[in-house]
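Undergrad: For reference, the chains in residue letters:
Protein chains: 2
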Amino acid sequence: MDRRQKKTREAIFKAFTELLAEKNYNQIAVQEIIDAADIGRTTFYAHFETKDYLLKALCEKLFGHIIDTAMGSPHGHYHYSCKYSADSVFLHLLKHLQESDRNILELLSSQNNEIFLRYFKSNLKKLIITQYADKGLLNKSSLPEDFLINHIASSFVETVYWWLSRKMKETPEEITEYFLGTIEPILN
Amino acid sequence: MDRRQKKTREAIFKAFTELLAEKNYNQIAVQEIIDAADIGRTTFYAHFETKDYLLKALCEKLFGHIIDTAMGSPHGHYHYSCKYSADSVFLHLLKHLQESDRNILELLSSQNNEIFLRYFKSNLKKLIITQYADKGLLNKSSLPEDFLINHIASSFVETVYWWLSRKMKETPEEITEYFLGTIEPILN
DNA sequence: AAGAATACAGAACACTTTGTTTTGTATAAA
DNA sequence: TTTATACAAAACAAAGTGTTCTGTATTCTT
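Heads up: the protein sequence lines correspond to chains A and B, in order.
Heads up: the first sequence at position 157 corresponds to 157 in the numbering used here, and the numbers run straight through without jumps.
Just so we're on the same page, the numbering used here is the position in the second sequence counted from 1, plus 1000.
Among the hints, a few may not be true.
Unchecked claim - Pairwise CB distance ranges (calculated): (1) B:D1038 <-> A:A46: 37 to 43 Å; (2) A:D52 <-> B:E1060: 26 to 32 Å; (3) A:K169 <-> B:P1185: 24 to 30 Å; (4) B:S1122 <-> A:K167: 19 to 25 Å; (5) A:E106 <-> B:D1038: 41 to 47 Å.
Claimed, not checked - Derived lysine-lysine pairs resembling DSS-like cross-links, with alpha carbons at most 27 Å apart: (6) B:K1126 <-> A:K121; (7) B:K1121 <-> B:K1095; (8) B:K1126 <-> A:K167; (9) B:K1126 <-> A:K169; (10) A:K51 <-> A:K14; (11) A:K169 <-> B:K1125; (12) A:K126 <-> A:K51; (13) A:K56 <-> B:K1051; (14) A:K51 <-> B:K1023; (15) A:K135 <-> A:K125; (16) A:K167 <-> B:K1140; (17) B:K1125 <-> A:K125; (18) A:K56 <-> B:K1023; (19) A:K121 <-> A:K51; (20) B:K1140 <-> A:K140; (21) B:K1051 <-> A:K23; (22) A:K121 <-> B:K1125; (23) B:K1169 <-> A:K125; (24) B:K1121 <-> A:K56; (25) A:K167 <-> A:K61; (26) B:K1121 <-> A:K23; (27) A:K140 <-> B:K1167; (28) B:K1023 <-> A:K23; (29) A:K121 <-> B:K1056; (30) A:K51 <-> B:K1051; (31) B:K1023 <-> A:K121; (32) B:K1140 <-> A:K169; (33) B:K1125 <-> B:K1135; (34) A:K140 <-> A:K121.
Quick caveat, the hints were computed from the structure, so don't treat them as lab data.
From the three backbone atoms N, C-alpha and C, an ideal C-beta is built for every residue, glycine too.
Please work from the sequences and hints to get the whole structure.
TA: Structure below.
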């Protein structure tokens, strides 16, 4: 990829991220992004067809890595002990969130949080299907598997939201305990 | 209130609701609402300062009644037997949703569902505080009360969303069973 | 290092949407 | 009937959108 492209792409992401942290997505004009990124009008449209595509690209950039690492190597990345169960995936995710650059946390805490939480949830569902459903862990309950997948993904995302909106006072371990406290009784 | 005001106000709500059912909120121009409602440009702005205020007014109109009736007379409205516990509030809500004019269901199922589900959730929290927290029903758990309120409200809203997105195949009783199946184990 | 390729800036363009103002008319309330 | 006011219609500046053009600067290639 051309160095010039990387540079302007990064400038656009940076400007967009900063704007998202301070104001509503709907109220951000393409013109503002252009001004903040200090690029030409033509250049923006050469990179992103619309503002929505830019948003999508940002989501993929932010969440892609976190979800991928959780999918690929869910265990063994951390040194503390954790049982080799699907449950630890959630602790893994929380730790990654806490350690991630502050962009993702800032956006998840901003007034645009719903946009990113939605994207987070849709990716999380795929993860749960891999880690739970495909391993037959959701068959024990009397509730429909489809319902359970949605419930688990929603609960986790909402837990993360609750954690963030209260300035992450608790440790990832505590939050995992809270979260598992709400879903483990259902699965047994 | 002036008959003319009522009439145009209703025309605006009708046009807005129909537009919301078919396209994204962000992509609806005030001009479209004006055209669909067949009113003058000045008239719209005389009634609603912005599109956002119109949305807020619509939310209050749609959810205000449902939540109020659930708060005021949570039991005794239906003839079938139901235990006089706080749990029946959820069945009450689902039945009201099912019976409500198709506007609210159409909007909750539209691509704008998040806007309305968010509003629904915030109102639901107040209801849960009244029906659960203030009655001391959330003290038995080892989880923080604040966390539980958010969890219960989120879970119910997500359950409703799951129900709607699958065309309401199940009865309100079945959905209540599913939902209570996820939260009752936590409270005992 | 030289050439070809291309990413970019800057300006101009037609177009849409926004929110306000003005003037006159029709409808409601007193 | 009289008074009040909700409304329509038109015009307005301002801002934003997405595209097209031309020339310049940077980069990749060989």
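Undergrad: If you check each hint against the structure, which ones fail?
TA: Going through the list in order, the structure violates no hint and respects every one.
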